[in-house]
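Trainee: Chain by chain, the residues run as shown.
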Amino acid sequence: MLLARHAEAAFWMARYVERAENLARLLDVQQVFANDSRDPGSWGSILALNSDEPRFLETHDVVDRASVTQFYVLDQDNPTSIVSAIHWARENARALRPLISTEMWSQLNVFHRRLQALTPLDLGDARLSRTYAMVKEGCQAHTGITEGTFFRDESWYFYSIGRSIERADQTTRLLDIKYHQLLPRGADVGSAFDIGQWNSVLRSAAGYYAYRRMHSQSMSPGTIAGFLLQNRAFPRSVALCVNDIDRGLNDLRSRYGLRGGSAALERVDELQAELNGRTIESILISGLHEFLDMFQKSLGLLGIDIARDFFHHEDIQSQSQSQAQ
Amino acid sequence: MSQPPTRSGLLRNYDSGEYYCELLGVSGNTHPIYETIERQLSTISEEELRNRAVASENDMFDLGITFTVYSEKSAIDRVLPFDLIPRVLSASEWEILDAGVKQRVATINLFLADIYGSGHVIRDKVVPADLVYGNANFRKEMQGIKVPKNVYVTICGIDIVRDQAGGFRVLEDNARTPSGVSYVIENRRMMLRAWPELFEGSGVRSVDSYGPRLRQALAETSPGANGDPHIVLLTPGTYNSAYFEHVFLAREMGIPLVEGRDMVVNDDKVYLRTIAGLRRVHTIYRRIDDDFLDPLVFRADSALGIPGLMGAYIAGNVQLANAVGTGVADDKAIYAYMPRLIRYYLNQDPILDNVETHLCGEDEGLAFTLDNMKSLVVKPVGESGGYGVVIGPRSTEAEIEDTRKKVIANPGNFISQPVVGLSVCPTLCAEGIEPRHVDLRPFAITGNDTWVLPGGLTRVALRKNSLVVNSSQGGGSKDTWVLLPEGGR
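Which chain is which? The protein sequence lines are A and B, in order.
If you read the first sequence in this note's numbering, its first letter stands for residue 1036, the second for the next number, and so on.
If you read the second sequence in this note's numbering, its first letter stands for residue 969, the second for the next number, and so on.
Please note that a few of the clues may not be correct.
[What the hints assert, rightly or not] Each pair of labels, with its calculated beta carbon distance range:
| id | chain 1 | residue 1 | chain 2 | residue 2 | range |
| --- | --- | --- | --- | --- | --- |
| 1 | B | G1356 | A | L1156 | 42 to 48 angstroms |
| 2 | B | A1268 | A | S1297 | 37 to 43 angstroms |
| 3 | A | T1154 | B | R1046 | 19 to 25 angstroms |
Hints were generated in silico from the structure; no laboratory data involved.
Predicted model, so just to flag it, every value in this text is computed and none were measured.
A virtual CB, placed ideally from N, CA and C, is assigned to each residue, including glycine.
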């Protein structure tokens, strides 16, 4: 039977890689925004991603492209940076080395080394896009190698559940930031400029063409939010991720005769009801931000449910927080 | 006398001087592999060899065959330098080593059973009582405890060198938690990839069965091991420099790699914390020292062990490999008595000689050591990893005086030995292929019987003229080939 500590490491390894990929996606699209934005303050909004603003301002005087990009890509002291995420993914992988494939370890190892070798030059105009592409590819290579080589035992389920939770969480964050970044510019709503920005939100989630196929006529913030939240076929939609969590938990319990996980399953049920039982219009009317905030909190509690039932540490709060950093 | 160099290619300037050469200085070695290696070394270009060496070390790095050096801010993974020119042992040489190692392991286990049991060896005055009972590694908790099949040392590594005449000599016994076997196996895998031509028709014995053999031995000595004991490997954790080896062995054996915090003791039984709750553990291959095993009995500040483990162990509900308290047998002072112990317990002559050893704790040995310090190697008894070793002929007057003071202050803490002109092996160095000193650590596994892995860790002192092969002191490693008997398959 799988060690509780290994289950936890698998769960977090997946989350950290997923987090790094999403951060690269978000920063990449922010780059596009900022390049044609008349609002240099837009870099500040990205700091709201993890409520990072106070921490950022402790060490930085200026909120601009260079400082924010450096903070989120290269800063090893920033626990929410890409290098930190991959560092922690690798440390969890190190603990999991007896279970993961050699290829998985090797790839993370090489990827980690490439990130360590990045310099501020790699964040310059000419190279930044390539840098983000490298991060995304590194994360996707990890995911692909894992899919192709990771033995499908209990640890695989914890890995998958961790990845789905993180992906759902990141999609809500992307939507939250961009929705509020874009909506207040009243004059621009519906203009070509605005549509262009929404296009890039979809592109950052690799959902632009899928969205086009589903909604060839309209391009409105509401339908885009609905697509990112509720579409059952889009791999980064919150609904699809929550379904995957549901299936993962059920399979884990039935295949391995585990009794734990019922609280987590109940919470997943509630999340599914929230997502599927409401139209996007009703969500928008009662407040998208409030909805997303509630959703993020529930995903956090879901992580704690899983930790309590399967990871069994005495001090669940502090442990999950330390990892979540 | 060195032979006049008659070789071509990379070996044209190779000269092993006064030292025994493991690869080329062997007269009467008719095995065709020596010719193959010489031919390969004469035809391959230095650039090509270097490229392959670099590629191998990069592979090792990427695959994580590394030891980790932690500093305050970062974790740096390092590769143990790997030399592509193998060290070869013929079938007849191996026959001697195999028998000698088995003899030594049998003696160590009998000695441990004796000193933790009735103590005949002390009453018969073969070994002074003080050297055993006063030894820092003697564990009084083990007195009167029964160990399954009297196997105290399941895994043993014996460090062997070769003198200028080509004779094997034991330098040190490692009966606690000997490490390095992962390199034996990974070096072979690396070699097969980097230089497959070298293996052509070679008849090199495989080193692949170590994991299954060890698992079998652990099962054979598991308490109540009828059927399928739950065996785990206990590591200090990812921060340990040998973590890669722990991962490697757990995988090779197909057993869980666990840390102290993953286990708990209830009612003198050991349990593993799994996702489904607690699961009973029967045998622990532990890679942490005695001192850290159980904070209730040994070091109270140890966070690596399991509180209550010793209680479970003494109750016979869990087996530890190696047993607690084996360090008393591989001490450098007890080492000096090994030839006598072999005769005492087995009534046999030692197959492998010791290096002549003077115990500074004895008047005679102390006087000899102080009189001949310039020509001796002085070693502290308790250290390992080559630390504190002073090689007389290579030391300054000041260093020798300093050592003299230390020895006089605490004679029991030192031994001295003559300088052994360790054998050499052709090794790729910055200047080309040069002789470098090597040693050998074969690994023996004991369950119902003792089995010696046909191979071993060959460590090589990469610094010119250095006799110290330890990885902490600039050492690397080589693949070690044990040949099948000629005509054998």
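Trainee: Give a verdict on every hint.
Mentor: Do the hints match the structure? See the list:
1. B:G1356 to A:L1156: 42 to 48 angstroms: holds (47 angstroms)
2. B:A1268 to A:S1297: 37 to 43 angstroms: Distance hint for A1268 (chain B), S1297 (chain A) holds at roughly 40 angstroms.
3. A:T1154 to B:R1046: 19 to 25 angstroms: holds (23 angstroms)
Violated hints: none; the structure is consistent with every hint.
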